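Enquirer: Given next are the chains, with one letter for each unit.
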Amino acid sequence: MPAERRDGAVRRRRGDGAEADADPQFEVPYGPTIPSLYGMAAARYLHEYGLTEADLAEVAVANQKWGVHHPHAAKGRFGEITVEKVLSSPYVSSPLRRWMCSTWGGGSGGAVVVTSPDNVKAGQEAVYLTGYGTATTHEYLSDRMNMRTAPVPVDGRVVPVDDPHRQHRGGPPGVRDGRRRARRHRHAGDVGELRAHGAHDPRGPGFAERGKGVDLYRSGRSGFDGDLPIDTNGGWLSFGQPGISCNMDTIVEAVRQLRGIPLGLPPRNKPSTVLVQGAGGMLAAATVLVLTTDGGPV
Amino acid sequence: MPDPSGWPQPYRLMDAAPYWAALQEERLTFQKCDDCAEAVWPPHKYCPTCHSEALTWQESVGRGTIYSFSVVHRAPTPVWAAITPYTVGFVLMDDGYALFGQIEGDPGQIAIDKRVTVGFLRRGEQKLPVFELA
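The listed protein sequences correspond, in order, to chains V and F. In case it helps, this note's numbering puts the first sequence at residues 20 to 317. In case it helps, this note's numbering puts the second sequence at residues 357 to 490.
Because the hints were derived from the structure by calculation, they are not lab data. Every value quoted in this text rests on a predicted model; they were computed, and no experiment measured them. Be a bit skeptical, because a hint or two may be false.
Chain V stretches covered by chain F per the calculated footprint, using a threshold of three residues with CB under 8 angstroms from any CB of chain F [claimed, not checked]:
1. 62 to 68
2. 110 to 121
3. 150 to 164
Pair by pair, the computed Cβ-Cβ distance ranges are [stated by the list, open to error]:
4. Lys231/V - Leu489/F: 29 to 39 angstroms
5. Thr155/V - His407/F: 13 to 23 angstroms
6. Ser361/F - Ile263/V: 54 to 64 angstroms
7. Arg419/F - Arg287/V: 51 to 61 angstroms
8. Leu477/F - Asp246/V: 52 to 62 angstroms
The beta carbon of each residue, even a glycine, is placed where N, CA and C say it ideally should be.
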């Protein structure tokens with residue numbers, strides 16, 4: 020997402036124009052870009068799970084399979100791609116290559132939420148919101164990397180503070196102690212590794228084991244015939260994303276699939292429940308909605 | 357005003373004034389909480405761990421381990437485009453905090469878990485910390 024959204028005035032005054040959601044004080048002076056901030060998350064994820072760039076490329080390939088059928092997908096016109104094609108595209112910021120980065124697109128999505136049945140129009144199929152949750156953990160990645168606690172269980176590095184008073188009595192925790200605690204909790208790459216590819220992270224909501232998210236794409240489970248169709252409009256990678264309202268496009272796609280009126284392809288088995296995962300900031304915020312045509316008004 | 361050199365300058369906030377001043381003397385500093393002994397970074401008025409106001413600036417040992425990194429090939433502006441490819445990354449400092457910065461050297465040699473030491477580089481008006489492989 021472009022810097023102008025939040026502190027564009029600051030950036031323009033300094034004249035750097037860095038297109039990054041980076042800390043203006045402690046990150047921007049070193050030249051980060053958004054792909055580099057996500058690239059760090061991806062590099063760590065590959066390192067922790069022994070995965071490769073070819074594994075990450077599977078997500079782009081899978082998204083493009085959906086995207087080529089959607090009339091509004093920004094990359095749809097390029098046709099289907101292969102892992103080799105993804106890996107032969109130039110680096111934007113390692114390990115992310117051009118085909119692994121999101122492009123501009125979408126942005127016209129919107130939704131009106133009404134009560135049912137009183138405000139549902141005749142002939143309209145009601146889609147129900149049966150659950151939602153949201154959490155934000157930080158502003159910039161420097162804040163995230165120095166977090167000692169989190170409001171919810173998070174992936175990646177957290178150096179926990181079990182009991183400040185006990186630590187105070189016991190004297191300063193040594194560096195070795197800090198390392199040990201860090202290792203114990205450094206158990207997973209962040210959800211950003213797949214989000215960086217503009218896709219839902221199927222591991223985040225619990226559809227895959229840690230480090231196994233890419234298998235959902237590679238095995239075809241995320242495709243037309245699969246049991247877990249993912250990013251049916253092409254996702255942020257192929258559909259594109261406008262920076263701010265990208266998750267609105269995802270909601271629109273979910274509602275269209277639930278009503279059986281997708282602009283692109285429907286999965287072989289029409290879904291009755293869809294999970295919408297929205298990501299925001301630099302691995303900073305997540306929101307989940309559960310939409311369904313099952314059930315009815317409370 | 358933009359720095360005449362073209363390099364982006366840090367948007368300095370008051371809590372961090374001692375940090376930027378020390379860097380001009382080629383000293384890397386961070387805050388430490390006198391009450392709970394946690395390293396505090398980025399700088400704060402209060403300790404984010406125990407809410408104490410007793411934060412003291414102290415000098416970093418200047419060494420750490422690469423947590424992750426990314427080699428930038430598509431630069432955001434012309435000054436950065438002139439030095440691509442360059443590397444940014446997070447370093448777990450031996451002092452117990454994580455610092456973001458540029459990692460100098462051959463990108464092919466930079467790797468997670470490698471040790472780095474801090475040096476200093478003038479970019480326009482401000483001297484900045486910069487890491488290199490130990």
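Enquirer: For every hint, state whether the structure bears it out.
Expert: Status of each hint after checking the structure:
| no. | hint | in the structure |
| --- | --- | --- |
| 1 | 62 to 68 | holds (count 3) |
| 2 | 110 to 121 | holds (count 6) |
| 3 | 150 to 164 | holds (count 4) |
| 4 | Lys231/V - Leu489/F: 29 to 39 angstroms | 33 angstroms, holds |
| 5 | Thr155/V - His407/F: 13 to 23 angstroms | 20 angstroms, holds |
| 6 | Ser361/F - Ile263/V: 54 to 64 angstroms | 33 angstroms, violated |
| 7 | Arg419/F - Arg287/V: 51 to 61 angstroms | 56 angstroms, holds |
| 8 | Leu477/F - Asp246/V: 52 to 62 angstroms | 53 angstroms, holds |
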